[in-house]
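Enquirer: So the chains spell out like this:
2 protein chains.
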Amino acid sequence: MIDADLKGIDSHGIARLPGYIRLWQKGRINPSPDIKVVHETPSTAVIDGDNGLGLVVAPEAMKYAMFKAETVGTGWVAVRNSNHYGIAGYHALLAVANDMIGISMTNASPLVAPTFSAERLLGTNPIAIAIPAGQQPSFVADFATTTVANGKLEISKRKQQPIPFGWAQDKDGKPSTDAGCVEQGGALVPLGGTRELGSHKGYCLGSIVDIFSAVFSGANYGPWVPPFVSFLEPTDDPVGKGIGHFLGAMRIDAFRPAQEFKNEMDRWITRFRNSKPSAGEAQVLIPGDPERIMYLARIKDGVPLLPAVVSNLQELAVQFRLEMPETTG
Amino acid sequence: MIDADLKGIDSHGIARLPGYIRLWQKGRINPSPDIKVVHETPSTAVIDGDNGLGLVVAPEAMKYAMFKAETVGTGWVAVRNSNHYGIAGYHALLAVANDMIGISMTNASPLVAPTFSAERLLGTNPIAIAIPAGQQPSFVADFATTTVANGKLEISKRKQQPIPFGWAQDKDGKPSTDAGCVEQGGALVPLGGTRELGSHKGYCLGSIVDIFSAVFSGANYGPWVPPFVSFLEPTDDPVGKGIGHFLGAMRIDAFRPAQEFKNEMDRWITRFRNSKPSAGEAQVLIPGDPERIMYLARIKDGVPLLPAVVSNLQELAVQFRLEMPETTG
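Chains as they are written, first to last, in the working numbering: chain A, 1 to 329; chain B, 1001 to 1329.
Looking at chain A on its own, in the form it has when it is part of the complex (with noise of 0.2 Å):
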């Protein structure tokens, strides 16, 4: 949680943490999971989770994906049974310390309606893969399989502002510019916006990290996965055990040297950094580096909570009978 707010993404920082410990009073997350590997070959396994947070449930499988990739090169593992896991690229970025490249996907509770669909069937789904760099920094790419997260909704609608055309859809699946339509029985939508800008191109990458993440490993998936939220309730009718994860691990000197390789990535990361930039832009960015300068930024001047994310964690201090340090701002 700590890392996502270093790097800027706040809706999976420290703010969370009431909403997991909510989850765990009403006996939706075991707080000391039994995590085990339920089926192997050398280079895959599946890992049930026991209910953990995927927080704790991830790394594991991760480390899991590595020690296979040690032994025959790449390393893939499948979980099930787990819960909320937080950024995907924390878990994509464990690999890279390793010479190793890290892929992270997770499915998610159903906020997304495919192309053509009405109903909400898929999570935002997100894809995270790390790729390690010489002397460059990596290049860590993380992403939501829709166009955005369902938090720039809320922002326009606290500013009493149109969402952009592309963005989500009403309850009869047409396109809409109210930022109030997605809890009004509407939906997100695929990367792509609309089927003219290649919406069902997203929903071939949701469905792809849905079933790798859950048809793999025996989780719930689409519209059975259950809610990451304690005021709703999941499915009366699960089709696996809990939300699935998928993480992966590439040796680099599986393919060639890896200084060769890093080297070659210098190459192609300064060449797409110095490039042209688009009238009015200043520079193209390489994935990855907007979290890296928030986090070069926060980790020395701290992190900024919203006074009700304060209040939240000051809360949670009294219930737990724990000292709280003084607030700064």
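Keep in mind that the hints were calculated from the coordinates and are not lab data. Incorrect hints may appear among the rest.
[Said to hold, decoys possible] A few chain A positions that, by computed beta-carbon distances, are all more than 10 Å from chain B: (1) 17; (2) 28; (3) 300.
[Said to hold, decoys possible] Computed spacing ranges between beta-carbons, pair by pair: (4) B/1031 to A/161: 43 to 49 Å; (5) B/1279 to A/236: 26 to 32 Å; (6) A/172 to B/1165: 20 to 26 Å; (7) A/259 to B/1159: 51 to 57 Å; (8) B/1296 to A/34: 21 to 27 Å; (9) B/1071 to A/259: 27 to 33 Å; (10) B/1319 to A/67: 41 to 47 Å; (11) B/1037 to A/280: 44 to 50 Å; (12) A/323 to B/1165: 51 to 57 Å; (13) B/1159 to A/260: 47 to 53 Å; (14) B/1059 to A/2: 45 to 51 Å; (15) A/323 to B/1258: 52 to 58 Å.
All C-beta atoms in this analysis are idealised placements derived from N, C-alpha and C, irrespective of residue type, glycine included.
Fit chain B to the supplied structure of chain A, relying on the hints for placement.
Expert: Chain B only, in chain A's frame:
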């Protein structure tokens, strides 16, 4: 090529043959390549395509990935020194008959500008993923990582129609609705179309395809990828050999018993196909449906060819002294 035509992907069908022959005549494609494994681990390999046509090289690479998957659960093969490989989905589908998931991607000559860039640095870099089901047809995603392929701009141009906002940009990197903007120094744009609708995510995807296909293998990447047409010359400062592909095969039973997985895929597919359609739409489609429907029609009624394509093929028949069948249309 015939498989592409049968599936309605005419841009990659027999219409490509004259172009491939021109590249061969200029010595840019080796018609009898000595395809070699140059590096490997139990789950990975790098293959040198000896400058063969990708249509020939990629199936060999996929077969090698499947051989690895037989042995250790998954197989991942990066290919260098190759050329255009046709439709990505063809290679991915080779795995499905063996109860494996097939993954296929390739880089391509630069036609796409990253978000915030005015330069063409990436190809349309397609990804295909084919997943077997039981009673239901396979799930087959096969898509370029741009909003649209260049062919759609050509159709709009021929009809003298503007293109939608989000398909392409002009030479200064500004979004354009002019169907001629790409040939006037502009570029296609990544899936998402504009920054506001998530084009940075499409840029991530196209980059990952480029890196997996070419930085893993030692092929040319980014703006150095050689052109697929004989009237454009390759760069004189290559960073690798030919173009690159990346093929993967995952044995289903490396994760769970194949029949169990296929039963769940049937439930996934049925639930999605039967979801409530958006107002005005007939049905929610499963990735692979449009190509399968087209295939069933064309395998019965034949493939309609444009008169220009027929006359190109007739010229080739004369040139190579082949019998040309009578045309019916």
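Enquirer: So the hint says 45 to 51 Å: do the beta-carbon atoms of residue 1059 of chain B and residue 2 of chain A match that?
Expert: 48 Å, holds
Enquirer: Is the Cβ of residue 28 of chain A farther than 10 Å from every Cβ of chain B?
Expert: Since the minimum Cβ distance to chain B is about 23 Å, residue 28 of chain A lies beyond 10 Å and the statement holds.
Enquirer: Are all beta-carbon distances from residue 17 of chain A to chain B longer than 10 Å?
Expert: Holds, because the least Cβ-Cβ distance between residue 17 of chain A and chain B comes to about 28 Å, which exceeds 10 Å.
Enquirer: Could you tell me whether the CB distance from residue 1037 of chain B to residue 280 of chain A stays inside 44 to 50 Å?
Expert: With a Cβ separation near 48 Å, residue 1037 of chain B and residue 280 of chain A satisfy 44 to 50 Å, so the hint holds.
Enquirer: Residue 1319 of chain B and residue 67 of chain A, beta-carbon distance inside 41 to 47 Å?
Expert: Given a distance of about 58 Å, which is not inside 41 to 47 Å, the answer is violated.
Enquirer: Given a hint of 21 to 27 Å, does the C-beta separation of residue 1296 of chain B and residue 34 of chain A actually sit inside it?
Expert: 50 Å, violated
Enquirer: For the pair residue 172 of chain A and residue 1165 of chain B, does the Cβ-Cβ distance stay inside 20 to 26 Å?
Expert: With Cβ atoms ~24 Å apart, the hint holds.
Enquirer: I want to verify a distance hint. Is the separation of the beta carbons of residue 259 of chain A and residue 1159 of chain B within 51 to 57 Å?
Expert: At roughly 52 Å between Cβ atoms, residue 1159 of chain B and residue 259 of chain A fall inside 51 to 57 Å, so the hint holds.
Enquirer: Given the range 52 to 58 Å, decide if the beta-carbon distance of residue 323 of chain A to residue 1258 of chain B lies inside it.
Expert: Taking Cβ atoms as reference, residue 323 of chain A and residue 1258 of chain B lie about 55 Å apart, which means the hint holds.
Enquirer: If we take the beta carbon of residue 300 of chain A, is the closest beta carbon in chain B still more than 10 Å away?
Expert: Per Cβ check, residue 300 of chain A is outside 10 Å of chain B; nearest 26 Å; holds.
Enquirer: When you take the CB atoms of residue 1159 of chain B and residue 260 of chain A, is the distance between them in 47 to 53 Å?
Expert: 48 Å, holds
Enquirer: Verify the CB-CB distance for residue 1071 of chain B and residue 259 of chain A against the hinted window 27 to 33 Å.
Expert: 29 Å, holds
Figure legend: structure checked against the earlier numbered hints; hints not met, in rising order: 4, 8, 10.
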